[in-house]
Amino acid sequence: MVKFLIKLTVFVTVVLTVWLVLLFIPSNDYQDRFKMKFEGQCGSMITGSSRALLAMSPDIIDPNGFFADPFLNFAFTQKTSPYGETYYNAIAAKLNSSGNNGIFLVEVNPLALYTGSDSLPEENLILGRLHFFNLNPNPEYVLINSERPLYQLYIKSSKVKSGTVYHMSGWNENTASVDTVLRKQKIAESVVAHEKLFKEWRDPSYRLYWFSRTLELFKTKGKVIIVRVPVRPEMRALEEKYYPGFDQLMDSVATANSALYWNYFRDDQYDFYDIHHMSSESAKRFSSELNRRLVHERILPKQN
Amino acid sequence: MLFNSLQFVLFFPLVTALYFLLPYRLRWLMLLVASCYFYMAFVPIYIVILAGTIVVDYFAGILIEGAKGKNKKYFLIASLVANIGVLAVFKYYNFINENISHLLGWFHQENPIPFLSILLPVGLSFHTFQAMSYTIEVYRGHQKAERHFGIYALYVMFYPQLVAGPIERPQNLLHQFRQKHDFNLDNVVPGLRLMLWGMFKKVVIADRLSIYVSEVFDHPDRYHGLPVIMASIFFAIQIYCDFSGYSDIAIGSARVMGFRLMENFRLPYFATSIKDFWSRWHISLSTWFKDYVYFPLGGNRVGQLKWYRNLMIVFLVSGLWHGANWTFIVWGGLHGTYLVIEAILSRIGISVTSDSGFFKRMTGWFITMVLVVFGWIFFRAQNLDSALALISSAFDFSGNGFGVNVDMGYGESILNKVELMLCFGVVFVLIGLNWLERKKDISAVLGSWSPALRWGMYFALTMGILITANFSSKADFIYFQF
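If you read the sequences in order, they're chains B and D.
Each step along the first sequence adds one to the number in the numbering used here, with nothing skipped, and position 134 is 134.
Each step along the second sequence adds one to the number in the numbering used here, with nothing skipped, and position 68 is 68.
Bound conformation, chain B alone (with noise of 0.2 angstroms):
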């Protein structure tokens, strides 16, 4: 028993130390959708849904690194990252101790700030699971929360097909092109699912707290402009229908923190791959946009 228990120890540590190595060397290489969020600390950031996930670049926003930086796009997804307890703590986390030289923009929309029911689905995803934000490399992101196996992170040629080039600034830039029909398809199907949940979500109460208190500690790092990105008018009539106070509801908010509210929904001029997320070339005009409009108040020194 002695000799097959010394046997099975050896076997297990030889197969755990292998395991561990492999999961540190993707660190380096290896690009998933949201892997470069989570390694090491930034000065500036943009938050928000996976509209600001697709629509803003840091790297276009302020290509010249004005602000504190690394500037980095924390941005995630409707489910993963509304405004709330869970994402409060991973922002606390990524910031920089130190430095009020920031930029913060803050996208916002009506189902980042509201909720249906009492389940907060973040708690269960990346921003809730995940221990360690700033670890670089970051192997308990390789492990448990990349959304892939680990073998996957070896194929490099994933990356090539996937569609999505995924900047460092944590940037995902759609490049994929869509079939028309598909999109049709996927707008049609896309409107049922938003006006279900507009239905149901009618709470501000709790994420309007937390969002609160987000811009409480952005405030202190540097400068906080809310932004609501454009979407398809097929959503913009849906949210308009369901929420029609919360552009000024944004506008109390921002005032109330010292923050700047920059509002292009109603912006006709940019294309998206479904109901509500850019395509590339929107995106960088979209940034530009951002970018120029910063110079334009004087919050970014004008470039050469």
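These aren't lab readings, by the way, just hints derived from the structure by calculation.
None of the values given here were measured: they were computed from a predicted structure.
Every residue gets a Cβ at the ideal spot worked out from N, C-alpha and C, and that includes glycine.
Misleading hints may appear alongside valid ones.
Stated by the list, open to error - Covered by chain B, according to a simulated footprint, are these stretches of chain D (three or more residues, beta-carbon under 8 angstroms):
| no. | region |
| --- | --- |
| 1 | 54 to 68 |
| 2 | 175 to 189 |
| 3 | 461 to 470 |
With the hints as your guide, set chain D onto chain B.
The following block gives chain D in isolation, referenced to the frame of chain B:
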């Protein structure tokens, strides 16, 4: 608790170590507590239902044994009604109600019966059937009623086979809880080997193939030709690896503690006829139906037509056992029909046996596989319309090869050529090891190898599991839903 979870990685060695360290008289109690914990890791409240059926069947067993004449039968019927009643409420109520709604809809009538908003308790069909086999065997006089409530509860709840079998018989399992099992390498080593192989089949093979299968079967309107055929074949392999993988882990984890559970799979895809297939696939359920439904109906010791009727009844009920959906009933009906046709052909001298020549056996194998894979389309499809759409589009080869596009939300495709090659690769590993398993089980195969080769294989299988496991999601076993 899932076998393929980090929780189980801690649970199994802890429970096994405690089992051997504790005095013999306390072992049943520790196993019972561990089994309760194992079950409550899914949905805790459902243990109340399980406890209810355990209490009913425990007393039913004692009453049946002590009763005489008709009373004996009445107690058995009461116990069966209680068990089937639980199944009916949790598994079939909404299905029956839905069909009533459809029926009334044809006459433009509203269905006044409300639908229930309930989840199916994990493994309900498995432990209910195991409990029923106990009362039936006591009734038949093949098994003494168990007086020790804890031992009886453990018979139903023994964690390795609690949620997905093998569906045990009291004659095989109950007495083992009274035996003293010492730590024995002749049990521990084969048990661990079996667990490793089962885990590999589930995590590496079944979960890989499920990506391709789910994409095609969940979007029958998007695919035709090769992807549909490929997905159907992959599903046949997926469900085998998923379920036999679970059974291997169950049998292996029990074996480590010295318990012998019944064999559940015997290389079913090497079968050369449908009858042969059913002697190899989900053996514990097939024999359950044979012992408690088929034989009481008369089996094949009746007239020809009644025999065919018996076969159809058994397989339709078996289909319904798998799930409250017409797809499962059609699947069961198909297999019943296959067996009836085989029986008719056998009468006129057309059959394949182990004595048949190579060409005949290969032909039999090919036809069997085509029929089985065809049946799996109904089993996997979300509904009958989807199944028929997939079948009708399977021979439209105007597409571009095997490729499928797995949409991750905004155009992200994860199933590229490398992934597809991996799918084929793991299938070849399965075929290779299954081929070696024809004459002896996987443990004996590994045991016959040189130490270097054997430990190399352990390492390869373990690393395969670790690098393909997705620790961020719960990949349930398919048979949990039944």
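So, going through the hints one by one against the coordinates:
A stretch counts as covered by a chain when three or more of its residues have a beta carbon under 8 angstroms from one of that chain; for the region 54 to 68 of chain D and chain B the count is 0, and the coverage is violated. Using a Cβ-Cβ cut-off of 8 angstroms, 4 residues of the region 175 to 189 of chain D lie near chain B, which meets the minimum of three, so the contact claim holds. Counting residues of the region 461 to 470 of chain D whose CB lies closer than 8 angstroms to any CB of chain B gives 7, so the stated coverage by that chain holds, three being the minimum.
In terms of the numbered hints stated before, the structure departs from hint 1 and from no other.
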